[in-house]
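In the order they appear, the protein sequences are chains P and F.
Residue 117, in our numbering, is where the first sequence stops; the numbers in between run on with no holes.
Residue 221, in our numbering, is where the second sequence stops; the numbers in between run on with no holes.
Misleading hints may appear alongside valid ones.
[Claimed, not checked] A few chain F positions that, by computed beta-carbon distances, are all more than 12 Å from chain P:
(1) G95
(2) Q132
(3) E189
(4) I212
[Said to hold, decoys possible] Calculated pairs, DSS-like style, for lysine-lysine (alpha carbon to alpha carbon, straight line, at most 27 Å):
(5) P:K43 - F:K39
(6) P:K12 - F:K39
(7) P:K94 - P:K43
(8) P:K43 - P:K12
[To be verified] If you want the footprint, here are the derived chain P segments under chain F, 3+ residues with CB under 8 Å:
(9) 28–37
(10) 45–56
(11) 62–68
(12) 81–87
Rather than coming from a laboratory, the hints here were simulated on the basis of the structure.
Built from N, CA and C at the ideal position, the CB exists for glycine as well.
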Amino acid sequence: MARKPKEEAGDKLHIPQGTLDLLILTIVRREPMHGYGIAQRLKSLTQGTFQINPGSLFPTLYALERDGKLRCQERPSENNRQARYYTLTRQGRKALEREERRWERVTDAIGSVLEGA
Amino acid sequence: MKILYRLRALARRLFRRNGIEQALDRDLEDYIERSSAEKMREGMSDGEARRAALIELGGAAQVREHVREGRAGAYWEGVFRDIRYALRSLGQARGFSLSVVGSLSLGLAGTVVALALINGIKPGPLPGVRDQERLVEVGILNQNRFGWRVRRTAWTDYPEVVRALREGMPSLEGLASFTESRVAATLPEPRSLQAAFVSPNYFDVFGVAPEIGSDLFKAGR
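Required output: the full structure, derived from the provided sequences and hints.
Okay, here's the thing in structure tokens:
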């Protein structure tokens, strides 16, 4: 019996190591967003390929906030509770630009290998 | 200024721990609420939706633990990085560093001198007196017509007052009284001396023996 490939289109994938910061910073670049919103946006943008659980999301958000790349604003949510919205700082914008350039180089390099092999 | 920013970051890192815990609680509560609301829109009941949201969260305690773990390692790493950075920046901004170090040195020197003076003036331990840390002075303060509080010390003249105080304060092991006064003595030339009239248990309370002569009360004279 032929072995079934482990991963096919539509399956969930692990977020490549070291790219979660890049993904989060990109998502909050457009507008301030709360934790749940960030997780949902990541899921919808990748059509469910990447899903992040709160156990990974919040430690990353707090690390980015600690490093000054994200800032938090408290706003009343729909049900009148105080919700925390994450927004990109100037330092975060610079870090994002750096990460984008780095990622482009990585994908170019991998693409070159795949095409040339 | 970059140095001040780093020092502020260090102070924030040291003192903001509680605030972070509260912020995380708000984040998690908000996450659960939004996730439940989404699940209810998909057709779940209130209770089911909340349960499913909690399962999706993977346990609030575990998420808190993950955040804490992430911060604990990064905490000291960040503190040392801030200190290193601050020192490096101080090394680069020589003029600023010198003025900071200079003013700190002057301030510290002044404080050290003041403390040394206070230490010098402060009376040292009384020679020969046992358990000095248990020794207290009891006094009666009277307010005079200027509103100042003056001490009355002539207790030896009022043994009944001393007795009443002694009975009223059982936590004291002993209570001795004394009155200081100048006396005239012939030794053999006549001289004026500072002397004290004391209660019979005076030496016992202090745990000392007379330097010269004998304890008249113990000798029964």
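Here is what the structure says about each hint:
Here G95 of chain F stays apart from chain P, with its beta-carbon at least about 27 Å from theirs, past the 12 Å limit. For Q132 of chain F, the shortest C-beta to C-beta distance to chain P comes to about 52 Å, beyond the 12 Å cut-off, and the non-interface label holds. The Cβ of E189 of chain F lies farther than 12 Å from every Cβ of chain P, with a closest approach of about 83 Å, so its non-interface assignment holds. For I212 of chain F, the requirement that its beta carbon stay farther than 12 Å from each beta carbon of chain P is met, with the minimum near 73 Å.
A C-alpha spacing of about 15 Å is found between K43 of chain P and K39 of chain F, which places the hinted pair at or below 27 Å, so the restraint holds. A hinted pair counts as satisfied when its Cα atoms are at most 27 Å apart, and K12 of chain P with K39 of chain F qualifies at roughly 20 Å. A hinted pair counts as satisfied when its Cα atoms are at most 27 Å apart, and K94 of chain P with K43 of chain P qualifies at roughly 25 Å. A distance of roughly 10 Å separates the Cα atoms of K43 of chain P and K12 of chain P; the hinted pair therefore holds under the 27 Å criterion.
Counting residues of the stretch 28–37 of chain P whose CB lies closer than 8 Å to any CB of chain F gives 4, so the stated coverage by that chain holds, three being the minimum. Under the rule that three or more residues need a Cβ within less than 8 Å of chain F, the assignment of the stretch 45–56 of chain P holds, with 4 such residues. Given as covered by chain F, the stretch 62–68 of chain P passes the check, having 4 residues with a CB less than 8 Å from a CB of that chain where 3 are the minimum. Judged by the Cβ-Cβ criterion of 8 Å, the stretch 81–87 of chain P is covered by chain F as claimed, because 4 of its residues qualify and three suffice.
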